[in-house]
Structures are given as C-alpha cells and as structure tokens.
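> Each chain is listed here by its residues.
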Amino acid sequence: MFTLLFLSGGTGSRMLNAVPKQYMLLAGKPVVMHILERVDQLPEIAEVVMVCAKEYEPAIALMLNQYGVRTPVRFAPAGSTRQESVRNGLAMVATDNVIVHEAARPFVKVEDFQRLMEANEPNAMLGEAIPFSVLVGHEYVEGALERSSLVNVQLPQKFQTQLLREVHEKAMADGATFTEDAAMLHKYHPEVPIKICPGMPYNLKLTTRIDMLVGEQIYDEVFRKRK
Amino acid sequence: MATCIITGVGSGIGKATAIMLSHRGYYDHYALIGRNAADMAATAAAMSCNIPAAAIHTYNLDLSAPEGIPEVVASIVATTGSIDALLNIAGYTDPQPLLTTSLESFELTYRVNVYAPFMLMRECVKYMKTSGGKILNVASTAGMTPRPGWLSYASSKAALISISETLTAELSEYGIMVYCVSPGRCATKLRRRLAPDEDPSTIMQPEEVAEVICNLINPAEKCLDGQNIVIRKMINR
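Protein sequences, first through last, are from chains A and B.
To convert, take the position in the first sequence, counting from 1, and add 89; that gives this note's numbering.
To convert, take the position in the second sequence, counting from 1, and add 224; that gives this note's numbering.
Chain A extracted, bound-state conformation (with noise of 0.2 Å):
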C-alpha cells in the first residue's frame, strides 16, 4: 500500500494571482481536485498526506466532500521550502511506501499512477528526455551538457518511505537543499536503484499565466472523453 504525500503548499506567486495556482479553476475544476479524485480510483492508495497552508484546509476538507472523494485525506503543514513541506508530510506517512506529487502537475492518468506503483523498483520516477540543447553558463557560453544523458524530472515518484525520512534528515543535518527527492536519494545513496519510468508530454507543471491557457487544451485533449 502508499500513501500519496501531496504537496499544494504553493503560494502562486509566479501565476501573479491572489489565489494560488492549485486552487485555481482548470476544466471548471480546482486545480487540486484533478489529482484527488483519479487517486480516489486506486485502491492500492490507502491515504492522502496533504501538504498546504493552515489557512486552506477548511476549504480542502469541504471539496473533498463536495467531490465525493472517499481516500482518507490528513494534512501536514506547509513548510517554508519545498524540502520542509515533504518532511513536514513524511512525519505523518504510515506506510512503507509513498508517491510524492505536487498539485501544479494536475495532468497524471490513474494509468500513470498505476505504471510507477507496478515499476520493479521501489523507487522510481517519471522521466522525459530533453528535445533541445542545453548549454552551460550565463553571461557567456562556458560548456555544453550531452543532452542524451540528462532526463527530465517529472512528478510522481515513489520511494521507500523509511528511506527518504533517512536521506531527509541528512540533508537537514548537512543544510543541503534539493529542488527534488530522486536527486537528494541519489547523493546520499548513489548504491540505490532509481528506476526511471517513461514520463508523459501531457505531464506540465503549472508555473504561469500561459500554463493555465495550455492546461485548458491538455485537459481538452487528453482527458475530456467526448471527442
């Protein structure tokens, strides 16, 4: 069994808006639902830790009983990074396993969900090859990165739930920052298998304005039924 740790403790300030982006309508639907009811498909998730703002836990608790949504949801404070907010969520984990996901990547299949539980790993993410060159430097070109040996990073990922308080705890002892899990598991046990499961095109984030307008248009395509 896993516990979905679900980060929605965004404040939105890039999306320039009062509200956060996670709250915000896509399809006619708050961002943040999108994910909670295709997880509420998938028996093998036996609880949702959400991670968010005191201040918007009331409004949650109410949408997950307007929608339905019958996966037990408990909250963890948001923590000042995003770093704190998965440690803050990995104190209230009660199983051995656990999917991390952010609200702002609303556009996940519950087939999707269901390829990273059934990886044979138990730790895996989702990964996409990069279609463009990437350079290193700022003012000035200083280097080229082979773009064939990178991936890029989507969510969900799985760990072992143990294991990633582990490499957590180390990297708060250290006062090391990760901007993700798989990578923090990696420098702190690079002896670990990270499996990478083939991400999905249709898998943005949402970060801006414009994410919203192309979000409507993923959402259109991939996951409206009626063509």
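Just so you know, the hints here were simulated from the structure itself, not pulled from any lab data.
Owing to the predicted nature of the structure, the values given are computational and were not obtained by experimental measurement.
Incorrect hints may appear among the rest.
[Claimed, not checked] Pairwise CB distance ranges (calculated): (1) 132(A) with 326(B): 22 to 30 Å; (2) 386(B) with 155(A): 19 to 27 Å; (3) 286(B) with 306(A): 43 to 51 Å; (4) 423(B) with 303(A): 57 to 65 Å; (5) 290(A) with 390(B): 28 to 36 Å; (6) 166(A) with 262(B): 55 to 63 Å; (7) 302(A) with 354(B): 23 to 31 Å; (8) 259(B) with 150(A): 33 to 41 Å; (9) 386(B) with 200(A): 31 to 39 Å.
[Stated by the list, open to error] Straight-line C-alpha distance at most 20 Å; calculated DMTMM-like pairs for lysine to aspartate or glutamate: (10) 118(A) with 389(B); (11) 350(B) with 397(B); (12) 284(A) with 269(A); (13) 316(A) with 394(B); (14) 118(A) with 445(B); (15) 353(B) with 309(A); (16) 413(B) with 263(B); (17) 353(B) with 389(B); (18) 353(B) with 200(A); (19) 294(A) with 201(A); (20) 198(A) with 394(B); (21) 316(A) with 445(B); (22) 316(A) with 397(B).
[Said to hold, decoys possible] To give an idea of the chain B side of the interface with chain A (calculated C-beta under 7 Å), a few residues: (23) 289; (24) 328; (25) 350; (26) 354; (27) 396; (28) 397.
Backbone N, C-alpha and C define an ideal beta-carbon position, used for all residues, glycine too.
Using the hints, position chain B against chain A.
Relative to chain A, chain B alone:
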C-alpha cells in the same frame, strides 16, 4: 447491479418511459421518485408485469422541496448499490404573463424544473463519477423560442437546456453522458395547462417521446449526448 432513477413517473412521459424501460432490460433496478404515492404505485404495478417487483423502488418526495434529494439519493445507493442513469422528467407549469406572475409561482416552477434536476444531478454524480453513466433531462421546445405568457416555464426549460450542455463538457472526464430532449406538443397533463383547448388526440403521445428517451438511455448509445434533441411529430392534417 445497474440502477436507473426516474422522476415524473406518475403520468405522461415519465410514466410511459418507466413502463417502456421495464420491457427493455437495460437496468436491474428502477428507483421512482414522485409526490403522488398512488400514481407511482400504479406505474410500478404496470412495470412489474415485465420485471420483478423487487427491482422497483418508490420514493415519496415532492420535488418542489429539493432539499430532501440528498437523503433520497443516499437511500437509493444504500438499497441498490449504484446509480447508473438518471432521468429528470418531472415538470411543472403555471403559464402566466410577466405582470401576473407571482414570485411564489415563478419560484415553484424553478424548484421543480431546475432546482430539483440540479440537486439530483449533483447528488447522483457523486456516485456515478467513478463508473460513468447517463443523465437525461427533459426540457421543452418552449425553452428554445419566445413564448409570451409562459414566462416561468419557458425560461426554466431554457435553463435546463443550458445546464445539460454545460454538464456534458464538465462530466465528460467521468464517462457520464448528458442528454437533453425537448419535446414539442405532447398529450400530457402539463400540456393541458398550457393549451387547454387543444385536442390531445391530434398531437404527439407520451409513448412516442418515451420511445426516443429509451433509445437514448440504452447503454449502447454513445453518440447523441451534448445536444438539445428536439422531438416533434409529423401529424396528419
């Protein structure tokens, strides 16, 4: 076990549809909702000629008080285990021009024709959204063109047409198909209030509308949702 909920089964199109569906065998259970227990019992008795009486469940509810709908829907699920189709057929009319329409009359029309279908759809979708299903709303051609003197009825049916079109898109991800039919003149009690001098034998009969509804609600039908389907009959003059 598939379940179909039907409102307006006491007479007219709802009654004809319920009886016709009992011949078709699309669903295992039928939940009939209405305010007149005797009329519902008569419809249930007619249905039981074709299906076991245990497959027919009646729920006494006046749809002008849609606040009671969540409890009824929960009760249906507790009894039958699922909701797979919802047919909003019940209707009400009090044909009046603007200046004689009271707020109470206007609100009552909307309660039966708009609020009750809205509440039924909202509550049923909570259960239907994991398995998909069908919703069919009976609007009216009166909701499509100006009808002086029928203000509350015509506008309520226009609302139901719009709701159906919106929900077709909104519920698509769940595999829920939303149909809307707009019958023209049909020989029902409601029509008699709208056109008391009309000879009902000269216009479309409830069974003819029911035939279309049954064809749409057939689980094999996959293409005709999301549009306002007008049902009119060619008559001999």
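> Does each hint hold? Answer for all of them.
Going down the list of hints, with the structure as the test:
no. : hint                           : verdict
1   : 132(A) with 326(B): 22 to 30 Å : 53 Å, violated
2   : 386(B) with 155(A): 19 to 27 Å : 22 Å, holds
3   : 286(B) with 306(A): 43 to 51 Å : 45 Å, holds
4   : 423(B) with 303(A): 57 to 65 Å : 59 Å, holds
5   : 290(A) with 390(B): 28 to 36 Å : 29 Å, holds
6   : 166(A) with 262(B): 55 to 63 Å : 59 Å, holds
7   : 302(A) with 354(B): 23 to 31 Å : 29 Å, holds
8   : 259(B) with 150(A): 33 to 41 Å : 35 Å, holds
9   : 386(B) with 200(A): 31 to 39 Å : 34 Å, holds
10  : 118(A) with 389(B)             : 16 Å, holds
11  : 350(B) with 397(B)             : 13 Å, holds
12  : 284(A) with 269(A)             : 15 Å, holds
13  : 316(A) with 394(B)             : 13 Å, holds
14  : 118(A) with 445(B)             : 27 Å, violated
15  : 353(B) with 309(A)             : 18 Å, holds
16  : 413(B) with 263(B)             : 13 Å, holds
17  : 353(B) with 389(B)             : 17 Å, holds
18  : 353(B) with 200(A)             : 17 Å, holds
19  : 294(A) with 201(A)             : 15 Å, holds
20  : 198(A) with 394(B)             : 17 Å, holds
21  : 316(A) with 445(B)             : 15 Å, holds
22  : 316(A) with 397(B)             : 11 Å, holds
23  : 289                            : 21 Å, violated
24  : 328                            : 30 Å, violated
25  : 350                            : 4 Å, holds
26  : 354                            : 6 Å, holds
27  : 396                            : 4 Å, holds
28  : 397                            : 5 Å, holds
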